[in-house]
Amino acid sequence: MKNGLPFEIKLSLVESIFEFIIKDIYSQDSKAVEFDCYAFRHRCHSDFYLLGCEERTINYLFGHYKNQIYDFTYAFLSDEIIQKYNQITNKIIKDYLLYE
Amino acid sequence: MKIQTDYIPFSIFLNELIRQTEKNLKTLNKSKVEWFTKKIFIEKQILEKLAPFKNSKEPTENKLAKFFDTNKDTFFYKKHYLTLHQRIIQIYNQKNVINISDENFDEKIGQVFTALNAGCSTIINNSFLIDTSVEKFAYFIKNKISQKKKNSLNPYIEISTVDRYSSIVYFVWTNKYSLSDISKRDSSTKKEQKTYIRSASDLIEDYLPVIDPYIKKYNQNVRDDIKTDKEDHNKTDNESLDIDTDQETDITDDDESNLEKKNHYLSLKDNIPSIDRYEVLKINQLHKLHQYFNKLKNSTDLDQQSFRLMFYMMLFLRRSPTFLSSIKYVSQTNSNKKLKTDIDNYPLLDIDDQVIYYKPKHLFSPTIRDYENKEKNEYLKNKENFETWNDLLPFYNNAHFIAGIPLPPFLIEMIKKYDNFKKYNNIDSSYLFIWKGQDGFTNQLDNSKFNDPQKQLFSELNIERYLYENIYRTFDAYMKYFGLGLVDAYLISERHRIPHEICIRYTSISLKILANNYFLASQRWFNAIRSNYLLSDYQPHIDSTIIKNMPAIRMGSWRALEPRYCKEITSYLSSSRALEIPMIQTKPGYQNRNIKVVKAIFHLFILNGLRPFEITRLQRSWLSLEKPTLLVNGKAEENARLIPLHDLLYNELKSLLKFKKEKPNQLFWMYDEKWAAI
Chain F
1 MKNGLPFEIK LSLVESIFEF IIKDIYSQDS KAVEFDCYAF RHRCHSDFYL
51 LGCEERTINY LFGHYKNQIY DFTYAFLSDE IIQKYNQITN KIIKDYLLYE
Chain G
1001 MKIQTDYIPF SIFLNELIRQ TEKNLKTLNK SKVEWFTKKI FIEKQILEKL
1051 APFKNSKEPT ENKLAKFFDT NKDTFFYKKH YLTLHQRIIQ IYNQKNVINI
1101 SDENFDEKIG QVFTALNAGC STIINNSFLI DTSVEKFAYF IKNKISQKKK
1151 NSLNPYIEIS TVDRYSSIVY FVWTNKYSLS DISKRDSSTK KEQKTYIRSA
1201 SDLIEDYLPV IDPYIKKYNQ NVRDDIKTDK EDHNKTDNES LDIDTDQETD
1251 ITDDDESNLE KKNHYLSLKD NIPSIDRYEV LKINQLHKLH QYFNKLKNST
1301 DLDQQSFRLM FYMMLFLRRS PTFLSSIKYV SQTNSNKKLK TDIDNYPLLD
1351 IDDQVIYYKP KHLFSPTIRD YENKEKNEYL KNKENFETWN DLLPFYNNAH
1401 FIAGIPLPPF LIEMIKKYDN FKKYNNIDSS YLFIWKGQDG FTNQLDNSKF
1451 NDPQKQLFSE LNIERYLYEN IYRTFDAYMK YFGLGLVDAY LISERHRIPH
1501 EICIRYTSIS LKILANNYFL ASQRWFNAIR SNYLLSDYQP HIDSTIIKNM
1551 PAIRMGSWRA LEPRYCKEIT SYLSSSRALE IPMIQTKPGY QNRNIKVVKA
1601 IFHLFILNGL RPFEITRLQR SWLSLEKPTL LVNGKAEENA RLIPLHDLLY
1651 NELKSLLKFK KEKPNQLFWM YDEKWAAI
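Protein chains in written order, with the numbering used here: chain F, 1 to 100; chain G, 1001 to 1678.
Rather than coming from a laboratory, the hints here were simulated on the basis of the structure. A portion of the hints provided could be inaccurate.
[As the list claims (entries may be wrong)] Heads up, simulated EDC-like pairs for lysine to aspartate or glutamate below, C-alpha to C-alpha not over 20 Å straight-line:
1) K1599/G / D24/F
2) K1596/G / E8/F
3) K1599/G / E8/F
Start from the sequences and build out the full structure, keeping to the hints where you can.
Set out below in C-alpha cells:
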C-alpha cells in the first residue's frame, strides 16, 4: 500500500464510471438510473445480428453456452471468423466511433 | 433366469420391423422430408398387411413364414425378413422376459433388480419385457400392493415407456447411481447390498402415478363386461373383477364368450377415432380440410367465412383464437399515433405493411392508466416492479416494446377477400373477425359457433374429439421440415419449446430477416397441403420489400443500450470533460492512462461484447504480440476462447502494456491517488 498500489478494475467501478457519463449527458436532474454493463454487450450482440453475422459465429465470439446444435471447438480461431469480424466491426466503428 | 425362445409375441416383431425399416431408409441418403413420407407410407402398409395375422393363434414362426410368402414381391424381399427374424430372437434373448402368468413373478423381478444393483453383465441395456396388456398389468400391480404393507422407499426407478404400436409395456429400470459406482460400493461394503434388494410390489409403487389412467380404463371396460354378464348369468360377485392372470392364455376357440370379450376390447380400441392431445394433424387430413374450406369460398354465411380465415391464421401463425379475435385494424386517420395509443390493449393489423403489430407478453410495460389505478394492478403492487419501471420510463418510449408478425402473401389475399365479403354485406367494424351474435354482430367468439362447423368437418374425417392444441402442434411439427428455424418459429409464435436453443435473449431482430425465412417455409407448407404431398421443390417468388426494417421482436431490449448513447459516450471520452470524472482524477502522470483504460473497456464492450467479469480477469500474457488476438476466460462451463481484435483496439491495448509493471499480471488497472496516500 505504501508504494501506491494501483486500484484494480472492479465491476462496481466500471459501472459507476459509465453511469456518471450517462447522467452527465442526459439526466442530471432526474432520478438515479439503474445501469448495467451488460447493456453494451446486448447492443453489440444485436448489431452483429442485424449486420448479417451468422448465429454460429456470434455464438463463438460471445462465448455462449455450448449446446447440441452449436457444437464447435473453442480453442481454434478460423480465418472465416476473423474476416467476418473485421467486416462487421468496420461498419460498427463507422457508426459509433468515428465521431469527428 | 430362463429365457423363452419358442414363443415370440407378435407385437415385438411388428415393432422391430418398423425400426428396421427406419434404419434402412436412413442409409439411402435421401432428404428428411422424403424419408418422412416413406416412413409413414411403409408403416401404414405394414399395419394393413399384418392385420389378418394379429389374432391368429399359431406359433410365430409359422406366422412369419406365411407372411413372407404372401408379401414376397410387394415391398421387401425374403432375405431382409430372415435377417430380421434372427435379429428379433437376438433381442429377445438379451432382454429378460417375464410373464405375469408365472407363479414366481415377484421373485423374478426382485432377481432382476438385485442383478442390476450388483452390476451384472448378463442383463444388457438394463431392461426387460413384461408380456401382457398395459391395463391388465396395472390392475394386477394395484391388487398386489394393496395386499402387502408399504415400506419406506427410495425411488430407484426413473423411466417407463409405453409403446404405442403394441400392447406391451417396456419398463426400463434405471438406477440413479451408475453401474460403476454400485460395483465400487459392493466391493467396499457388502452390508449395503442387502438394502438394495426389495420385492417387486414395493418397487412398482413408484409407477402408480404413471399407471393410474390405465387402471381407470381397465375398470371401465370390466364394468361394461359385468353389465353384460349380469344380464346373461345374473352374477353379483364383485370378486369377478380380480383378474385371473391366465385369462388370455386359456382362451380357446371353443369358448365363444371369451372370444366375444376379446373382440369387444379390440373394437373399443379401434372405434374411438379421436385425436390425442399431443397428436398432430396429418397432411392427408389437412388436405381434406383445405378441400372443405375451398367449398366454403363462395358461401354467403358470415360464420363460415370467418371460421375459414381463423383456421388458416391459427395454423400458420400458431396463435390462439383469443389473440386472433382481438385483432383490430390500424385506423388510417391516426396513422402516426397508431403505435402509441391503441397497441396497449389490442394487436393491430396493417394491410399495407403486411404486418400485425402487437406487444409481447414478456415486455409488459405499465401505461399511464395503470399508474392511476395502481392499487388494482397486480403487477405494480410489487414495490420492486413499480420502482424499476418508474426509473426506466423516462429513458425508453412505449414504442420500443412493439413487435411485429409478418403475414405471408396467401394469408393477406384471404384477409382481403374476407374484407370484401364484409363490405359487400355492409358490415363495418374496427375488429378483423366478426361473428353473428344474438344482438347484431360481435367480435367475441362463441365456442358453440366454432364447434358447429367443426362437427360437420370432422365427421367427414371420422374424428370426434378435436382441440386447438392439435392445430398448434401441427405448426411445430411441419415448419421444421419446411426449413423454418427454431428461433424464427419462436419469433412468430412467441412460444419457445427448448429455451436452451434460443440464443436471442438480448437481441432485436429485424422483420426483413424473419419474413424471408418464414414466407418461404409457410408457402412450401401451403403448397404441400394443397397438393397432398409433403415435399415440393417449388420455390415461390416473394416480395418482402414492403416490410420495413423495423424489429420483429425485442427480447429484453430495455437492457440493450441505444446507438445514440454509444455515439455520445465516445465523444464524451475523447473530450476534455472526461478528465473531470471523479473516479478518474489521480496523479497527473496516470490520468491519461486511466482514461485509456476506460476507453479500451468501452471498446471491448462494443466491438467484442465481452462480459464485465471477463474483462476484470484479463491478464497481460493473454494479449498476443504476434497476431491481433486475445484469450478470454468465460464462465466455468465454457472453455477459454480466442477472440479477434480490431486494429484500433489492438493498438490501444498494446499502448497500455508500455506502462510500468506495478501489478504484473493484471491487464487493466487504474491508479488512484487515495490508495497511494495510504
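Status of each hint after checking the structure:
Pair hint K1599/G plus D24/F holds up; C-alpha atoms about 17 Å apart against a cutoff of 20 Å. Taking the CA atoms of K1596/G and E8/F, the gap is near 14 Å; set against the 20 Å cutoff, the hint holds. Annotation: proposed proximity of K1599/G to E8/F holds, straight-line Cα distance about 16 Å (limit 20 Å).
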